[in-house]
Structures are given as structure tokens and as C-alpha cells.
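A.B. asks: The listed protein sequences correspond, in order, to chains A and B.
Everything in the first sequence is counted per my numbering, starting at 1 for the first residue and increasing by one.
Everything in the second sequence is counted per my numbering, starting at 1 for the first residue and increasing by one.
Treat the hints loosely; a few may be bogus.
In silico DMTMM-like links for lysine to aspartate or glutamate, alpha-carbon gap of 25 Å or less [as the list claims (entries may be wrong)]:
id, chain 1, residue 1, chain 2, residue 2
1, A, K544, A, D462
2, A, K544, A, D464
3, A, K124, B, D139
4, A, K432, A, E513
5, B, K238, A, D148
6, A, K124, B, D331
7, A, K124, B, D255
8, A, K124, B, E222
Pulled a few chain A residues facing chain B out of the computed Cβ check, cut under 10 Å [as the list claims (entries may be wrong)]:
id, residue
9, D82
10, A119
11, W127
12, A147
13, F233
14, F323
15, P441
16, R471
None of these hints come from the bench; they were simulated from the model.
All C-beta atoms, glycine included, are put in the ideal place defined by N, C-alpha and C.
For reference, the chains in residue letters:
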Amino acid sequence: MSFRAKVFLSITGTVVLAVWIVAGVVSTTVTKSFERREAQRTATLVSQFRREFDRRGADVVRRIEAIANSDAVLRIGVNLSDTAQYYSEAQTLAREQSLDFLELVAPDGSIISSAEWPARFGYKENWLTQPVDWKAQGIFLRLEALADRPALGLITVRTVKAGDGLLYIAGGQRLDKDFLDSLPATEGLRLQLFTDFEFMPAVAAPLIQEVARQPREITRTTSDATTTAIPLFGRDRQLMAVLLVENSRAELASLKNYIQSTALIVGFAGVLLALALSFWTASRVTRPLRQLASSVREVSGGKWDTRAAIESRDEVGQLAQDFNRMTEQLVEQRDRMIQAERVAAWRELARRLAHELKNPLFPLQITIENLQRARQVSPEQFDEVFRESTSTLLAELDHLKTIVGRFSDFAKMPAPQVEPMDLNQIVNDVVKLFEAQINAPGRPRVETTLHLADNLSLVSADPDQIRRALRNLVLNALDAMPQGGTLAIRTQNLDGKVALEVSDSGEGLTPEECERLFTPYYTTKQHGTGLGLAIVQSVVSDHKGTISVQSEPGKGTTFRIELKA
Amino acid sequence: MKRPYWALLALSSFVISPLASATRPRYGGTLTVDLTPAWTTLEPSESEALTPLVVETLVRINERGEPEPDLAVNWQHDADRKRWRFSLRSKVTFHDGEPFNATTAAPALLAALKKRYGEVKVTAGGQTIVIQSERAMPDLLSELSLSRSAVFRKTEQSALIGTGPFRVTKWEPGRRVSLATFDDYWNGRPYLDSVIVNLGSTRTNADVFDTPFASARRILPERTRVWSSATRELIALKAANIHPLLLRALALCIDRGPMVSVLTQRRGEAAFGLLPQWLSGYAFLFAATPDVARARQMLSQLTLSPLTLSYPANDSFARSVAERVALNARDAGINLQPVQGVNGNVHLVRWPLESRDAASGLARLFATLGISERPESLYDAERTVLDEGRVIPLLYLPAVYGISPRVHGWDAAQKQGPFGLHLENIWVEP
Numbered sequence: 001m002s003f004r005a006k007v008f009l010s011i012t013g014t015v016v017l018a019v020w021i022v023a024g025v026v027s028t029t030v031t032k033s034f035e036r037r038e039a040q041r042t043a044t045l046v047s048q049f050r051r052e053f054d055r056r057g058a059d060v061v062r063r064i065e066a067i068a069n070s071d072a073v074l075r076i077g078v079n080l081s082d083t084a085q086y087y088s089e090a091q092t093l094a095r096e097q098s099l100d101f102l103e104l105v106a107p108d109g110s111i112i113s114s115a116e117w118p119a120r121f122g123y124k125e126n127w128l129t130q131p132v133d134w135k136a137q138g139i140f141l142r143l144e145a146l147a148d149r150p151a152l153g154l155i156t157v158r159t160v161k162a163g164d165g166l167l168y169i170a171g172g173q174r175l176d177k178d179f180l181d182s183l184p185a186t187e188g189l190r191l192q193l194f195t196d197f198e199f200m201p202a203v204a205a206p207l208i209q210e211v212a213r214q215p216r217e218i219t220r221t222t223s224d225a226t227t228t229a230i231p232l233f234g235r236d237r238q239l240m241a242v243l244l245v246e247n248s249r250a251e252l253a254s255l256k257n258y259i260q261s262t263a264l265i266v267g268f269a270g271v272l273l274a275l276a277l278s279f280w281t282a283s284r285v286t287r288p289l290r291q292l293a294s295s296v297r298e299v300s301g302g303k304w305d306t307r308a309a310i311e312s313r314d315e316v317g318q319l320a321q322d323f324n325r326m327t328e329q330l331v332e333q334r335d336r337m338i339q340a341e342r343v344a345a346w347r348e349l350a351r352r353l354a355h356e357l358k359n360p361l362f363p364l365q366i367t368i369e370n371l372q373r374a375r376q377v378s379p380e381q382f383d384e385v386f387r388e389s390t391s392t393l394l395a396e397l398d399h400l401k402t403i404v405g406r407f408s409d410f411a412k413m414p415a416p417q418v419e420p421m422d423l424n425q426i427v428n429d430v431v432k433l434f435e436a437q438i439n440a441p442g443r444p445r446v447e448t449t450l451h452l453a454d455n456l457s458l459v460s461a462d463p464d465q466i467r468r469a470l471r472n473l474v475l476n477a478l479d480a481m482p483q484g485g486t487l488a489i490r491t492q493n494l495d496g497k498v499a500l501e502v503s504d505s506g507e508g509l510t511p512e513e514c515e516r517l518f519t520p521y522y523t524t525k526q527h528g529t530g531l532g533l534a535i536v537q538s539v540v541s542d543h544k545g546t547i548s549v550q551s552e553p554g555k556g557t558t559f560r561i562e563l564k565a
Numbered sequence: 001m002k003r004p005y006w007a008l009l010a011l012s013s014f015v016i017s018p019l020a021s022a023t024r025p026r027y028g029g030t031l032t033v034d035l036t037p038a039w040t041t042l043e044p045s046e047s048e049a050l051t052p053l054v055v056e057t058l059v060r061i062n063e064r065g066e067p068e069p070d071l072a073v074n075w076q077h078d079a080d081r082k083r084w085r086f087s088l089r090s091k092v093t094f095h096d097g098e099p100f101n102a103t104t105a106a107p108a109l110l111a112a113l114k115k116r117y118g119e120v121k122v123t124a125g126g127q128t129i130v131i132q133s134e135r136a137m138p139d140l141l142s143e144l145s146l147s148r149s150a151v152f153r154k155t156e157q158s159a160l161i162g163t164g165p166f167r168v169t170k171w172e173p174g175r176r177v178s179l180a181t182f183d184d185y186w187n188g189r190p191y192l193d194s195v196i197v198n199l200g201s202t203r204t205n206a207d208v209f210d211t212p213f214a215s216a217r218r219i220l221p222e223r224t225r226v227w228s229s230a231t232r233e234l235i236a237l238k239a240a241n242i243h244p245l246l247l248r249a250l251a252l253c254i255d256r257g258p259m260v261s262v263l264t265q266r267r268g269e270a271a272f273g274l275l276p277q278w279l280s281g282y283a284f285l286f287a288a289t290p291d292v293a294r295a296r297q298m299l300s301q302l303t304l305s306p307l308t309l310s311y312p313a314n315d316s317f318a319r320s321v322a323e324r325v326a327l328n329a330r331d332a333g334i335n336l337q338p339v340q341g342v343n344g345n346v347h348l349v350r351w352p353l354e355s356r357d358a359a360s361g362l363a364r365l366f367a368t369l370g371i372s373e374r375p376e377s378l379y380d381a382e383r384t385v386l387d388e389g390r391v392i393p394l395l396y397l398p399a400v401y402g403i404s405p406r407v408h409g410w411d412a413a414q415k416q417g418p419f420g421l422h423l424e425n426i427w428v429e430p
């Protein structure tokens with residue numbers, strides 16, 4: 001993980017954590033405050049409901065008493081012999097007194113007239129004829145039967161003497177949505193009244209059913225609302241209805257959303273700030289380091305004279321200063337090494353040239369001295385000696401010419417003429433070329449083993465140069481096995497490349513020898529020019545290939561060439 | 001009352017003391033009649049209550065259901081009852097002075113009878129009119145007694161010209177019709193000078209006013225008496241495509257007694273047959289008592305679904321009856337929802353009884369139901385219809401009028417016929 005990423009994560013984490021904690025604390029505080037206010041609002045509304053309930057109840061009692069004392073009812077009480085004529089009386093009286101329910105009931109409990117359900121005349125209302133002090137009973141809730149469905153009403157009953165019995169006047173007003181709507185509206189607060197405990201909205205059903213089972217005030221809170229269910233009882237503590245006070249939590253949800261969105265925005269801004277800070281900090285801290293790292297990479301790439309910029313006096317600046325000092329020393333050392341290597345190379349070249357030229361020069365000197373001596377000592381044999389000496393001189397001069405030619409060839413190695421070629425074919429050609437030499441009588445036995453890959457890919461190379469390189473390697477291998485051994489040549493397909501290995505079972509090389517093996521004019525042989533392997537390396541290099549050597553003393557040597565297919 | 005004596009009678013009534021004037025007929029005065037319907041036409045078939053005042057028919061059916069002469073004095077028919085010959089009353093004139101004879105009566109008769117019998121030929125000759133058809137017309141006399149077969153003419157100047165005791169002097173559609181006595185009425189001049197009929201009225205201060213059931217005219221002025229006609233309307237339930245068992249159960253659970261006593265204030269009658277007792281003479285055979293337990297037992301075999309009971313729009317009495325029926329049905333476990341309109345599973349209908357002839361009345365009801373029966377099998381057909389519950393009779397209703405104390409001779413005058421108002425023999429105090 002980069003330094004910049006670490007800085008970024010640290011700042012971001014700090015900001016986000018701080019925002020999360022603040023948002024959580026604010027949200028919790030707001031929720032508690034809201035719930036306190038919610039409870040107060042519910043209590044206020046329920047109180048208003050009860051006040052309105054009492055007010056309407058008193059109003060209903062007053063109206064029913066007015067009806068009970070009216071001439072029309074007194075007339076009915078006096079003449080109950082023919083109740084049919086009073087069929088629509090209740091409707092008229094209810095209309096006059098603005099009542100939703102009104103029934104005039106005969107002493108035997110049969111309905112004389114019904115305002116809410118006129119068709120029920122003659123049906124019995126036995127609950128009225130029970131021995132009850134109706135005046136003391138006051139107002140009560142009752143489900144009144146209607147043609148379509150029962151309706152909840154604020155009911156009161158009064159009686160009027162009718163002969164030996166009583167004429168019952170039972171009436172009241174609906175306790176329904178209109179009643180609830182008459183209460184002062186409070187935003188976010190909703191009142192609902194349920195009288196049917198079988199068919200009700202699925203949302204409210206569980207709460208209402210729970211209240212129906214255990215008639216007591218119950219409050220439930222969901223994500224949408226806090227709902228308080230209040231049981232409403234009729235006479236004899238019979239559950240008549242359930243009043244639902246639904247306190248919407250939309251405002252709270254909105255507030256929470258606002259807090260969350262604010263926290264998100266602040267968090268996001270914090271992340272952006274962290275990003276900016278991390279960039280700024282990282283650039284302040286890591287730019288010199290990155291510049292130093294870049295300088296290091298340049299040095300490792302060979303540009304030893306690279307200098308790191310020193311922009312501060314802190315640890316990084318000190319490091320850059322040390323780095324510059326180090327590169328200066330490296331350059332100085334490299335220059336010294338190059339100089340030493342050049343001197344060593346010239347010395348080696350001089351040694352080789354001296355060595356190579358010294359060998360043919362000595363016979364030349366001996367032959368010429370021998371020729372001078374023959375002219376002086378035995379002129380009669382001079383001709384014969386002259387003939388032999390000139391022959392020797394010419395042979396040694398050829399030898400010198402050959403040596404010079406080799407050096408010349410190395411110096412003017414031509415550019416490869418590339419064409420698709422079969423490396424196996426080159427191997428076979430070269431092995432055939434050396435067959436006579438390998439199998440020459442008197443020479444220790446060298447066993448040749450070929451491991452040539454089938455379907456070897458063609459390589460783009462100059463066949464003559466590759467053949468020459470392989471020849472040098474085979475010659476080198478044979479020279480490494482003066483006592484005989486095994487010469488193994490392998491080819492194989494690699495991924496996009498072709499490999500050629502030439503192994504011998506000779507004495508092998510030391511690691512130091514391996515390191516200097518491809519240096520021109522370096523040889524481990526007494527009569528080598530030190531150019532064979534240098535030529536091989538030059539050929540392989542010209543073909544964009546690689547050559548490596550693997551050897552241990554006593555275990556032979558393997559040269560491996562890899563060329564692009 | 002013969003015309004030569006009317007002036008003498010008027011004179012005598014003038015000199016007799018005011019106390020005596022309350023009991024003896026007197027000529028003169030205007031009678032105001034307030035009716036709730038707001039008719040926009042005076043067609044006899046539409047404004048039935050007014051028909052007897054202005055127009056007359058060839059024959060009328062008496063209380064015993066027998067045909068009597070009216071504008072026709074006698075008649076004969078062939079054996080197949082395809083050809084009828086009527087001798088018309090002489091010395092009868094229309095309100096505009098045109099003589100009543102076969103030629104002037106034929107057009108109205110032809111138009112009316114064509115609606116009933118299709119191809120009918122009416123031949124006029126002097127005071128004789130011949131009615132002929134390709135098919136038998138056994139109920140022709142009953143048909144001719146109906147207001148829709150009344151003899152009348154129309155001109156551009158007058159809405160209706162008949163031969164009745166009163167002539168139309170002013171016609172304000174939907175509001176008022178003013179009638180004046182027809183001095184040349186063939187049966188003697190009526191006592192009244194004029195009659196003002198206010199239409200669409202709910203007042204109770206007129207001399208005569210109708211009090212439809214469930215009307216607002218509940219509280220009547222002092223000394224106003226209530227008069228009911230013979231029952232002349234059937235209220236029934238009509239059903240189709242409902243399981244017969246369900247209909248029979250519905251018929252069983254309906255308690256007509258409270259409907260009669262409360263909804264009709266005892267002026268109606270419980271209906272169990274299609275025709276009232278006074279008309280058919282056998283209605284008592286269909287009488288039954290409600291049996292909710294048996295209805296429930298019958299329904300236990302069925303899977304019940306909610307039904308609708310439609311009743312005529314803007315008919316508060318029909319609505320009251322429908323709601324009571326629904327309440328009775330609920331006791332038996334039938335969910336019957338009253339709705340306004342005509343498309344309910346069960347429909348509450350009001351069928352006017354237009355004829356004093358039972359067979360004719362029954363045939364007319366069957367025609368409404370789309371049933372065609374021969375006269376001799378009408379009773380069996382009625383029994384079948386009732387047993388199947390296709391029609392569940394509920395109530396027979398009379399026409400009810402409030403009569404001011406200044407109106408005299410009302411009861412006797414209405415004996416002229418059960419349908420429409422008969423005012424020619426009533427008189428009023430000044």
C-alpha cells in the first residue's frame with residue numbers, strides 16, 4: 001500500500017468515524033425528543049376526545065330530555081292504543097333535535113318508531129325493558145343496528161309514563177369519522193375508530209385484535225407511526241370500539257433522513273478533504289522520495305551520473321545528498337574500472353599477439369639462421385637446405401597470415417543475412433563436417449549424441465553465421481575432451497524461441513573462467529586465439545539471442561543458445 | 001239529476017236557511033282539488049284521476065263486475081265475439097257542441113282498440129258503431145270501460161274535448177287544469193260551477209286533496225276527513241332467475257300485517273293474490289301466515305349470496321316497503337339490499353288495477369309479466385305464478401283523499417266507479 005493510500009485511509013477513517021458518532025448522537029437525541037413530544041400530543045388528543053365525548057354526551061342527554069318532555073311524546077304516552085300512527089314520529093323528532101338515532105319504544109319493548117331504521121317498527125328492543133335507572137345511567141356507547149351495518153352511537157335513554165308502563169325514548173348521535181373530524185386537527189396525528197373487530201385494515205388488525213383480547217391501552221411503534229389503541233367501553237364494560245391514535249413518524253423519519261444525508265454529505269466532503277490532504281501530504285513527503293527512487297532506477301539502468309534534487313534539509317534531503325555522493329563514487333569507480341579493463345584488454349591483446357606471433361617468428365628466425373649457417377658451413381648442401389628452409393618459411397608465413405586473418409575476421413564481422421532456417425539441419429551439417437575429425441584413427445573416442453526436437457520451429461537467422469558459431473562450439477567441445485568423451489547436441493522448442501545446447505564431458509570450468517569465457521582473446525587453451533567464443537557471442541548477439549554457459553569442474557560444460565523462432 | 005229541475009233546485013237551496021244548506025245539495029261554487037302528481041298531459045290513459053270528469057266510455061263495469069251502459073245504450077256480438085255492434089246514446093254532445101255519434105266516436109275508439117287488439121275495424125253508421133276483428137275479443141266490454149278507451153277529441157284550442165260533466169277551460173301542464181261545468185251534460189248539470197285542479201301540490205288546504213302513502217300530508221286540518229277508495233293498486237315483488245326455493249322462503253318470511261297497520265296506516269290490505277278480494281272474490285284462498293322458521297329451514301338447503309331489491313325511484317312509500325321486506329328477509333337469513341332503480345334481483349312493482357273485471361285485470365297483469373293465458377285458466381296460472389314465487393304480492397292500496405267539511409255528497413258520488421274522481425254529484429258549501 002502506498003504512503004499516499006495510507007494517509008488517505010487514515011484521514012478518511014478519522015473523518016467518517018467522527019461524522020458517524022456525531023450523527024448517531026444527534027439522531028438518538030432527536031428520536032428521544034420526538035418520542036416525548038409524540039406522547040404529549042397523543043395524550044392531548046385523547047384528552048380532547050374525552051372532552052368532546054363528554055360535551056356531546058351532555059348535549060345528547062339534553063336533546064333526549066327535550067324530546068321526552070315534548071308534547072308529541074307525551075301524546076304518544078297517553079295514547080298507545082294505536083302506535084301505527086306514530087310510525088314516522090321518531091324521524092321527525094330526531095330531525096328537530098339533530099339526532100342520528102332515536103327510537104320510541106313501547107312498554108313491551110316493541111319499537112313504535114325508529115329514526116335510524118324506520119323499517120324496524122314492531123321489532124323488540126328488550127335491552128330497554130330491563131330494570132335500569134336510565135337517568136342515572138347517563139350517556140353510554142352502544143352499537144346501534146342499522147340496515148347496512150351497525151354504527152357506534154353516544155346513546156342515552158329516558159322514559160315517559162305510558163299508562164301502567166313506560167315509554168322509552170332511546171337516542172343519540174353517531175360516534176364516527178365526523179365526530180373525529182370535529183376535533184382540533186393536529187398535523188401528523190390521525191384518529192380512527194374501529195367497531196368491527198373482524199373486518200379491518202390489515203395494518204391495524206393485530207393491534208385492534210390484541211386490544212379486543214385484552215381491553216387495555218396498548219401502544220405499538222413501527223417505522224411509519226406510533227399507534228396507541230384505546231378501548232372504548234359501553235354499558236357493563238363491554239368493548240364497543242377501539243380508538244386508534246396514529247402518530248406519524250414521517251417528520252422524525254424526515255429529520256433522520258436529513259441527519260443521515262447531512263452526515264453523508266459531511267462524510268463525503270471529509271473523504272474529498274482526506275483525498276486532497278493525502279495528495280498534498282504525500283506530495284510533500286513522497287515526492288523527494290519518488291525522485292530519489294527514480295534516480296536509483298536510473299542508476300540501476302546504467303545512468304550512473306544521475307543526481308537527486310535536494311529540496312530540504314530533513315532526513316529525505318540528507319538521503320538525497322548521500323545518494324548523490326554514492327553515485328559520484330560509483331562513477332569514479334566505474335571510470336577507474338573501465339580504464340583498468342582497457343589496460344588489461346590491451347595487455348591481453350598484446351600478450352596474445354605476442355604469443356601468437358612469437359610462435360611462428362621463432363621458426364622463421366631458426367630457419368633463416370640455419371640457412372645462413374648452411375651457406376657458410378656447407379655450401380654444397382645449401383641448395384637443399386635453401387629449398388627446405390624456404391618451404392618452412394612459407395609455411396610459417398602462412399601460419400602468420402592465418403593468425404592475422406583471424407583477427408581481421410573478428411574485427412570485421414558482417415551483418416547477418418536473415419532467412420528462415422532449420423536449426424536441426426545446421427546441426428546435422430556441422431556434425432557431418434566434424435565426423436572425419438572425430439573418427440580419425442588414433443584419436444581418443446568421442447561419442448556424439450544428438451537430441452534434436454521434432455517439428456522444431458524455423459528460426460530467422462543467417463545460416464552461415466549460425467553454422468560458424470556452432471562449429472566454434474563443437475570445436476571448443478572437442479578441444480575440451482583431449483582424452484575423449486561425449487559430445488551432446490540438443491535442440492528444443494521453447495515459448496516463441498528455439499534452444500540449442502552443446503555439451504561436452506570435459507574437465508569443466510571454474511566460475512571465474514565462466515565469467516571471462518566470452519571475453520575476446522581470452523582462452524584456456526594453449527593454442528587458442530581467444531576469439532572463438534567471442535565470435536559465437538557476437539553472432540548470437542547480432543541475432544538478438546542469448547548465450548549462456550553452465551559448467552562445473554569435472555562435470556563438463558554446456559553452452560546454451562536461445563534464438564527467436 | 002235532470003236538467004229541467006236544476007234551476008228550481010238552485011232557487012230552493014237559495015231560500016233555505018244556512019243550517020239546512022249543509023245537508024241539501026246546492027248548485028254553484030268552485031271546488032279546489034290538490035293532487036300530488038304533476039301530469040303534463042291530459043291523455044285519459046295518463047291522468048287517470050281526472051278522466052271521469054272530462055271524458056266517458058261506451059260502457060262501465062259496476063260493483064258486481066258487470067258491464068253497464070254508459071255512452072253506449074246496448075250491444076250485441078256474434079258467437080265468436082269477433083264482431084260487436086254498439087248502439088250509441090243519443091242527445092249527447094261534446095263540450096264544443098259537436099254531436100256525439102258513431103262518426104265522431106270512431107277515431108278515438110279505433111286508436112285505443114288498435115293498441116289492445118292490433119288490426120281492428122271500426123265501422124260507423126249513425127248511432128251505431130261496429131267493431132270487428134280477425135280474432136276474438138271476449139274482453140272487449142272490459143277494455144271499453146277503461147279510461148284509455150274513452151271517447152274524446154283534441155283540437156288546437158283545447159287539450160281535451162269529451163262528453164263528461166266538466167269541460168276544460170284552461171290547461172297549464174304540470175301545474176293546473178281549470179274545469180267548468182258542462183251545462184249540456186246528457187246526465188244533468190253537475191252541482192258545481194267549476195273545479196280547479198292544482199297539480200304537483202302537497203298542500204292540505206284544498207277542498208279535496210290526495211294523501212299518498214308516506215306523503216308529507218300527515219297532519220290534516222281540523223275536521224278534514226280521510227276517504228279511501230277501494231284498493232286499486234297492487235304492490236308486489238317480481239323476481240326472475242332466482243331459485244324458486246329462495247323465493248318461496250322469501251314469501252314465507254314477509255310479515256304483511258305490520259306493513260298494513262303501520263306503513264298504510266290500515267288503509268291498505270295484505271295481498272296474497274294478484275287481485276284483491278273485492279275484485280276476484282277468491283283472494284282469501286291465497287292467504288298465508290308468515291313462518292320464518294320454515295323459511296330458514298328451506299334456505300338451509302341453499303347457498304345464499306347477497307341479493308338486491310330495487311324499488312321505483314323517488315317513491316318513498318315503495319322504499320319503506322322494500323326496507324321492511326329486507327328486514328323480514330334478514331330474519332330468515334336472506335341478505336336483501338334495497339336499491340333504487342329497476343335492476344335488482346328482486347324488483348318491487350306497483351301495478352294499478354285498472355278494471356273492475358277480474359279476468360281482464362288478471363290478463364292485464366299477466367301481460368305485464370309476459371304470460372299469455374286463456375281466460376278460463378287464469379286462476380290456475382295465478383296459482384302457479386304465486387307458488388313459484390315469480391310474483392310475491394305484498395299490499396293492495398287504495399286511493400286516499402282528504403275531504404274538507406264544506407264538501408258534501410262525496411261518498412255517494414264516488415260509487416260511480418272505483419277509478420278516478422267523480423265530482424258531478426257533489427256540492428260545496430259557500
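A.B. asks: Next, verify each hint and record whether it holds.
C.D. replies: Going down the list of hints, with the structure as the test:
Proposed proximity of A:K544 and A:D462 is supported: the alpha carbons are some 12 Å apart, at most 25 Å. For the given pair, A:K544 sits about 16 Å from A:D464 by alpha-carbon distance, which is consistent with the 25 Å threshold. With a C-alpha separation of about 50 Å, the suggested pairing of A:K124 with B:D139 is violated against the 25 Å cut-off. Between A:K432 and A:E513 the CA atoms are separated by roughly 30 Å; this puts the pair beyond 25 Å, and the hint is violated.
Note on B:K238 and A:D148: the hinted pairing holds, with a Cα-Cα distance of about 23 Å set against a maximum of 25 Å. Simply put, A:K124 and B:D331 have alpha-carbon atoms about 13 Å apart, close enough for the 25 Å limit, and the pair holds. A C-alpha spacing of about 15 Å is found between A:K124 and B:D255, which places the hinted pair at or below 25 Å, so the restraint holds. Distance restraint check for A:K124 and B:E222: the Cα-Cα separation of roughly 34 Å exceeds the 25 Å cut-off, and the hinted pair is therefore not satisfied.
The interface hint given for A:D82 is met, as the beta carbon of that residue sits about 9 Å from the closest beta carbon of chain B, less than 10 Å. A cut of 10 Å between beta carbons decides the hint on A:A119: the least distance to chain B is about 4 Å, and the hint holds. Evaluation of the A:W127 hint against chain B yields a violated restraint, the C-beta minimum of about 18 Å exceeding 10 Å. Given the 10 Å rule on beta carbons, the hint for A:A147 holds: about 6 Å separates it from the nearest Cβ of chain B.
Evaluation of the A:F233 hint against chain B yields a violated restraint, the C-beta minimum of about 28 Å exceeding 10 Å. With a least beta-carbon distance of about 99 Å to chain B, the hint placing A:F323 at the interface is violated under the 10 Å criterion. Taking 10 Å as the C-beta cut-off, the interface hint given for A:P441 is violated, the closest approach to chain B being about 125 Å. The beta carbon of A:R471 is not positioned within 10 Å of any beta carbon in chain B (closest approach about 112 Å), and the interface hint is therefore violated.
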